[in-house]
Structure formats: C-alpha cells, structure tokens
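Protein chains in written order, with the numbering used here: chain A, 13 to 89; chain B, 84 to 336.
Rather than coming from a laboratory, the hints here were simulated on the basis of the structure.
Keep in mind that a hint or two might mislead.
Label pairs and their in silico Cβ distance ranges [what the hints assert, rightly or not]: (1) B:Lys133 to A:Leu44: 42 to 52 Å; (2) A:Pro32 to B:Val234: 18 to 28 Å; (3) A:Asp17 to B:Asp188: 26 to 36 Å; (4) A:Glu62 to B:Val234: 41 to 51 Å; (5) A:Lys40 to B:Trp321: 57 to 67 Å; (6) B:Ser159 to A:Asp17: 50 to 60 Å; (7) B:Val322 to A:Glu79: 49 to 59 Å; (8) B:Glu287 to A:Glu25: 53 to 63 Å; (9) A:Lys73 to B:Asp191: 26 to 36 Å; (10) A:Thr36 to B:Leu298: 43 to 53 Å; (11) B:Glu256 to A:Leu44: 50 to 60 Å; (12) A:Lys40 to B:Gly231: 29 to 39 Å.
For each residue, glycine too, the CB sits at the ideal point set by N, CA and C.
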Amino acid sequence: MKTLDEFVALFAEQLDETDPSTVTAQTKFRDLEEWSSLLALTLISMIDEEFDVTLKGDDVKNSETIEDVYNVVVSKK
Amino acid sequence: MGITNNPFSLEGKTILVTGASSGIGQGCAVMAAQLGAKVIACGRNEERLKGTIDQLDGEGHTSFAGELTDPMVIESLVANLPALDGVVFSAGISMTAPFTFSTRDKFDKVFNVNFFSPVELLRLMVKKKKLVNGASVVFISSVGGNFGFSVGNGIYGASKAALNSMSRLCSLELAPKKIRVNSICPGMVVTPLVEGFSENITQEDIQKDIDFYPLKRYGKPEDIAGGVVYLLSDAASWVTGQAICIDGGITAY
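Next up, chain A with everything else stripped away, as it sits in the complex (with noise of 0.2 Å):
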C-alpha cells in the first residue's frame, strides 16, 4: 500500500494549473481553481489504477482534504 504522501504525489500529478509543490495532504482539493467534475473522475480512475479501489463520486465530494480521501481509500482496501 502506498503512504500519504505517494498518495499526495499522485493526486498532485493529475493536476494541470496548479503548483505541485503548494499540494500537501491538508490541500483542501475542491477548493483548487482547476476542480472539475472531470478532475473527480480523473482521481477516482487513477485510486482505480493505483490502489485497486473503487471510489464513488459521494466518497469524493464527502472528503475535504487529500488526506480525507487517502483515508477513504485505506478503508475500503
């Protein structure tokens, strides 16, 4: 299982606009300028591809942080 931070890494990876090192786990994701419905489904393709966990849009929308959803995402391993 990947840490937090590989986590953070990964997410930060995903992004286009934004500065890879301003994100850290406390990033309060939906809040980033280039949030879209597309970068929510980017994230759940990519725990999909990486972790082998299927997230819902609800576990998304329901997590505040990057941490929040690291969490989400080591429950259901």
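Model the placement of chain B on the given structure of chain A, informed by the hints.
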C-alpha cells in the same frame, strides 16, 4: 381501422431481445409482448430472465441464458433459433474513465459486449437465414455515440458510435433481403447500467444533469421501448439506416 390490421401490432411476430433481464431490454420485451409478439428473452442469468418472462403478456415466450460475448454460445443460440421477425440488441455495459485512463483492456471489455457481440450475433443470424424477409433489427445505441455526452465516457461513446456506423452499413447490405436495420439512441435512462455511470458522480451532479434535459427528467425504459416497438412493427416498413434519438430533447440544443 380494426385491431386486426393495426400496423403497430406485433401479432404473429417472433422477436428476440438481448439484455432482456433488466433496463431497456426488459422494457422492450414487455412492450413487444403487450403488442402481441412472441418474445425470446436473452440474458446471462436464467433466474433474472424468469423475472422478465413472468411480466410478459400472452403465451409462448422463451428464454435463453448465456454469455453472448462467447462465440460458442452465440453459435449454439443461432443454431437453435426459429425464424425471427425482429431482433433488439440491448445488452450493454457502461464504463467511465477519463481519456488518460482509457486503456486497451477497458476498450476491449466494453467493445466486446457493446459492439462485437451484437454484430457477430447479427452476422450469424443473417448467414444462417434466421431473419425473415421484412425483418427488423434494432440496435440500442446511445446519444453518447454520435451526439456528445459528458466527459469521461469516451470508451462507451466510441462503442456506440461504432454500433451506429455498423447499423447504417448493415441497413444497406441487408436491404436486398428486405431486412431493416436501425439504431435507437437513448439519452440517460434510469436503469442498472446508468447506475454504473452515476456511481462516479454526486447526486448534485445528477440533479444538474436532469435539469439540463428540456423535458426535465431522465428516461424510463418504456420511453425507449415505444420507439423500438415502432421500428419492429409494419408501421416502420419504410424506415431503415436511421439512428433515432429518444432523449427528452437533450440533442435539440
């Protein structure tokens, strides 16, 4: 006009429906039976097919349980078929993946069910002369094929665009046999398949999407079945090669 020469009647017709266990396929089987057809309901699971058969008006309906992506299963189905007056290809799966995650294995999975299976089934039905002169073939496609869709549905849309293209081509090649071939392109219809799409988005997104439909609701299986039974009937005798949208007006924008 008496009911006996109602051009919309399916009396005396034998209609095969794939994906008949649920959703649009089940809706088509139910409505075809209401209009007098004998239905051959195909699906993967005998038990669930029984649930469909139990809802059909009239007598003489049968079911065929099998995995229609398996060439051996297709062959055995076709070998045992009676002469058919109509076929509805409704078996399909959904897939949501952004383009950068649209890997070949996902394409294969979706295309095997949504494209290769119905096309091979039709090919063998025609080759083995299971379709009568004047038969009607209906592919259940999607507005996502040629008319645009929400992001993340490229694989699904591509499979349906391929289906629309094949449908049109078949309409030309099968016209000499007087076999008509059309596709129906539904907008979002509330079925188990669409629940697959919806898992990836929030309730809020779904409501926003519904509000975007001019008729302010998602479809029901019977909304689609109405178009399908029309195409199966003699009322549509001069209709072939078309992709007809039934979509609450979403493609009218």
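Status of the hints after comparison with the structure:
{"no.": "1", "hint": "B:Lys133 to A:Leu44: 42 to 52 Å", "in the structure": "holds, 50 Å"}
{"no.": "2", "hint": "A:Pro32 to B:Val234: 18 to 28 Å", "in the structure": "holds, 23 Å"}
{"no.": "3", "hint": "A:Asp17 to B:Asp188: 26 to 36 Å", "in the structure": "holds, 29 Å"}
{"no.": "4", "hint": "A:Glu62 to B:Val234: 41 to 51 Å", "in the structure": "violated, 21 Å"}
{"no.": "5", "hint": "A:Lys40 to B:Trp321: 57 to 67 Å", "in the structure": "holds, 59 Å"}
{"no.": "6", "hint": "B:Ser159 to A:Asp17: 50 to 60 Å", "in the structure": "holds, 54 Å"}
{"no.": "7", "hint": "B:Val322 to A:Glu79: 49 to 59 Å", "in the structure": "holds, 57 Å"}
{"no.": "8", "hint": "B:Glu287 to A:Glu25: 53 to 63 Å", "in the structure": "violated, 27 Å"}
{"no.": "9", "hint": "A:Lys73 to B:Asp191: 26 to 36 Å", "in the structure": "holds, 31 Å"}
{"no.": "10", "hint": "A:Thr36 to B:Leu298: 43 to 53 Å", "in the structure": "holds, 45 Å"}
{"no.": "11", "hint": "B:Glu256 to A:Leu44: 50 to 60 Å", "in the structure": "holds, 52 Å"}
{"no.": "12", "hint": "A:Lys40 to B:Gly231: 29 to 39 Å", "in the structure": "holds, 32 Å"}
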